[in-house]
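**Student:** Residues per chain, in single letters:
There are 2 protein chains.
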Amino acid sequence: MKKNIMVAQSGGPTAAINASLAGVIRESLNSDAVDRIYGAVHGISGVLDERFIELSEPAGQDADFLTRLIHTPAMYLGSCRFKMPKPEEDRQIYDRIFGILEKMNIGAFFYIGGNDSMDTITKLAMAAEARNSGIRFAGVPKTIDNDLVLTDHTPGYGSAAKYIASSMLEVAHDTYIYDLPCVTIVEIMGRDSGWLTAAAALARNEYNITPQLIYLPEVPFHRSQFLEDVQKELKRSKNVVVAVSEGIRDEHGTYISAKEAVADKFGHMQLSGVGKVLENLVKRELKTKVRSIELSILQRCAGHVTSAQDLKESCELGEYAVRKALEGETGFMSTVERTSDQPYRYEIRHSSLQDIANKAKCVPREWINDAGNDVTEDMIRYIRPLILGETGIEWRDGLPVYLPVAHLNHPGE
Amino acid sequence: MKKNIMVAQSGGPTAAINASLAGVIRESLNSDAVDRIYGAVHGISGVLDERFIELSEPAGQDADFLTRLIHTPAMYLGSCRFKMPKPEEDRQIYDRIFGILEKMNIGAFFYIGGNDSMDTITKLAMAAEARNSGIRFAGVPKTIDNDLVLTDHTPGYGSAAKYIASSMLEVAHDTYIYDLPCVTIVEIMGRDSGWLTAAAALARNEYNITPQLIYLPEVPFHRSQFLEDVQKELKRSKNVVVAVSEGIRDEHGTYISAKEAVADKFGHMQLSGVGKVLENLVKRELKTKVRSIELSILQRCAGHVTSAQDLKESCELGEYAVRKALEGETGFMSTVERTSDQPYRYEIRHSSLQDIANKAKCVPREWINDAGNDVTEDMIRYIRPLILGETGIEWRDGLPVYLPVAHLNHPGE
Chain A
21 MKKNIMVAQS GGPTAAINAS LAGVIRESLN SDAVDRIYGA VHGISGVLDE
71 RFIELSEPAG QDADFLTRLI HTPAMYLGSC RFKMPKPEED RQIYDRIFGI
121 LEKMNIGAFF YIGGNDSMDT ITKLAMAAEA RNSGIRFAGV PKTIDNDLVL
171 TDHTPGYGSA AKYIASSMLE VAHDTYIYDL PCVTIVEIMG RDSGWLTAAA
221 ALARNEYNIT PQLIYLPEVP FHRSQFLEDV QKELKRSKNV VVAVSEGIRD
271 EHGTYISAKE AVADKFGHMQ LSGVGKVLEN LVKRELKTKV RSIELSILQR
321 CAGHVTSAQD LKESCELGEY AVRKALEGET GFMSTVERTS DQPYRYEIRH
371 SSLQDIANKA KCVPREWIND AGNDVTEDMI RYIRPLILGE TGIEWRDGLP
421 VYLPVAHLNH PGE
Chain B
21 MKKNIMVAQS GGPTAAINAS LAGVIRESLN SDAVDRIYGA VHGISGVLDE
71 RFIELSEPAG QDADFLTRLI HTPAMYLGSC RFKMPKPEED RQIYDRIFGI
121 LEKMNIGAFF YIGGNDSMDT ITKLAMAAEA RNSGIRFAGV PKTIDNDLVL
171 TDHTPGYGSA AKYIASSMLE VAHDTYIYDL PCVTIVEIMG RDSGWLTAAA
221 ALARNEYNIT PQLIYLPEVP FHRSQFLEDV QKELKRSKNV VVAVSEGIRD
271 EHGTYISAKE AVADKFGHMQ LSGVGKVLEN LVKRELKTKV RSIELSILQR
321 CAGHVTSAQD LKESCELGEY AVRKALEGET GFMSTVERTS DQPYRYEIRH
371 SSLQDIANKA KCVPREWIND AGNDVTEDMI RYIRPLILGE TGIEWRDGLP
421 VYLPVAHLNH PGE
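Protein sequence lines, in the order shown, are assigned to chains A and B.
First residue of the first sequence: 21, per the numbering used here; consecutive thereafter.
First residue of the second sequence: 21, per the numbering used here; consecutive thereafter.
So here's chain A without its partners, still in its complex pose (with noise of 0.2 Å):
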């Protein structure tokens, strides 16, 4: 008999998640075993809430449904930030889940995401096993912050890191047109991990030599050090931009960000990011023209300039994902395995999400440089094919053609 299949998304947006959820509908769709393809909306969230939208049908109906989810940045079925409870302090709410899946004779769950979601993940596998259910449980990794362990990189970071790289070349040729002395701090994501605040260093190339100085949470910042740094750079070049993620800590494990704190005309706290705190910092102590500048969430949800070689492996996570689990694996999550650097070559495969869920990968400390305000070459060879090939992305009248995200059939509700 047919079974059904589930999939959700969770966790902060991508511009490369849609494309995982277009290759879990796309290889169901070819599969003789997967009769109708349904997607929670919210996450998690929205099976509890019954939520379900059908996605076989605009799949099959619509040729350009797939294209176009491929290249719509965020979440199309929307995420939720929910924290399962452990089977033993709520069994009720997996009992509610699993008559949900059951009643919906759902074979296959896929549920796409970060660090959370495969913590998600692994409850719902753990408990099936405990439960006998034949429901299988699969995770699709997602996340701009590059950190899950067992694969070499993750869906969503070559897309965010090819917009900072690229943002950081622009932001050089911003800098370059005065012939004055001039600091720029460019804040990039990355709480705990400098994956993305690493790839500001393929902005440089033949003629820019910016960004001169990058600062990962993996080493403690200090002040000082950073000021003659600052002072160095500027005595070899005008233009000195620095790349700070936005987790630095100090040799405390106290985030910059924090530290300045500055309360408002009403006396409430008001925490300063880390661009801006560093931005006084320079001004005051060095009295330089100084500027700060944060690339936001741009940096995940920028659709419009996304890494080919991110958008075809996300796909192909979302595959696989659904091969293996047709084929009767359950509790994994897909991964990448690289195989060549240059060419770059990789293998599509999977680990057990109980040696991935709530681990993080951090940067490597041999990947920073020993004084702690740079990466090394072996960082830049890791990143560069990553950010490799361009998406060309639909355009009409002048705007990017994304697909709404799918609750919005009611705008304004």
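Simulated from the structure, these hints should not be mistaken for lab results.
Quantities reported herein were computed from a predicted structural model and do not represent experimental measurements.
Treat the hints with care, as some may be off.
The list treats identical chains as one, so a pair stands whether inside a single copy or across any two.
[Claimed, not checked] Taking lysine to aspartate or glutamate and the EDC-like style, the derived pairs with C-alpha atoms no more than 20 Å apart in a straight line are:
(1) K103 - D199
(2) K23 - E149
(3) K23 - D52
(4) K332 - D417
(5) K258 - D69
(6) K332 - E357
Please arrange chain B on chain A, whose structure you already have, making use of the hints.
**Tutor:** Showing chain B alone in chain A's frame:
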């Protein structure tokens, strides 16, 4: 006898200013009356410092040079912020400039820039007349701010508007994923005029109602009204996005950003951006989830998202200026005259610099709604054609290929 021409750039960067430079070079190369094309490095300061580069050669020898130049953001020739004194204040500086131009056999000088640059070129044109110098002086408009008079719009504005509208659409996707009330405030450039912020309205489409609120500097900003507006929108939709000009002011003309200047722990005053100020206001008064985003300098230097229409017109404005100057005109700026909205049609013309310099064009009150929290259909109809068309830039190793700023022949110097 053949004459040489000189061209320079000034003011803040745009993604289209090099297209105007390419237009000047192309038309000059095509003219039998022009011998050599000199670029002054760092605007009028570069003339005074006699920092020149030859533009005829790279343009004549490298077929890709002009194409790449068109797509390179910020100023190929570098910029300056130099206020020309009046001739009666400092005759020497004029003597020096005219001496240099005459020595170099310059027949026409072109200055590509915004309001301040038009002031410079106006003064030079008047000085030329007073001296009976045969050198012609022409301005080519450029500013993302779109605030020059007597031209329908300015080169650079369309590309910045396209970047803003595309980014707003991507922010909308990022916003729609959660099922929780959330306010997102996007700060957009524009100290005195709201043209750039108005472009956020173009992100609205058949599924996206955001940004629901748009505040421009042309209308006084009332905090209490703003909070009421946000609350009203939160009743209609979970995701409220606000587009706000950095330059909004209260009824006394005081910048909203300046009002909330806060002291850091050293007692130094720190000026928060208006986005952050409104974020804090919403957090404090409405107790809702809120975040703020600054589009920052990327809105002016993102060469990878430019409007094809903008780059085409920018080129034509440069070409036209050369043609007119060679015909004997001086003291003018080339302009765009719109002859039809739908289909969009325009003509390149020119106006006297004396009618342009030191004037600023704001958004007409009737293009802002009565409540002062949105723009009208007329405004949208005005902007829409300016963002049309995409420019397929060249990419290599996953990154845009641009021309290095001219003075960067020796990086690190």
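**Student:** Measure nothing new, just compare the shortest in-copy and cross-copy C-alpha distances for K258 and D69 to 20 Å and report within, between, both or neither.
**Tutor:** between (58 Å within a copy, 18 Å between copies)
**Student:** Between the shortest in-copy and the shortest cross-copy C-alpha distance, which are at most 20 Å for K332 and D417: within, between, both, or neither?
**Tutor:** between (27 Å within a copy, 17 Å between copies)
**Student:** Quick one: K332 to E357, C-alpha cut-off 20 Å, is that within a copy, between copies, both, or neither?
**Tutor:** within (14 Å within a copy, 45 Å between copies)
**Student:** At most 20 Å between C-alpha atoms: does K23 with E149 qualify within a copy, between copies, both, or neither?
**Tutor:** Intra 19 Å, inter 86 Å, cutoff 20 Å: intra-copy only.
**Student:** Within a copy, between copies, both or neither: where do K103 and D199 come within 20 Å Cα-Cα?
**Tutor:** between (53 Å within a copy, 15 Å between copies)
**Student:** State whether the alpha carbon distance between K23 and D52 is at most 20 Å within one copy, between copies, both, or neither.
**Tutor:** Intra 10 Å, inter 77 Å, cutoff 20 Å: intra-copy only.
Figure legend: structure checked against the earlier numbered hints; every hint is met.
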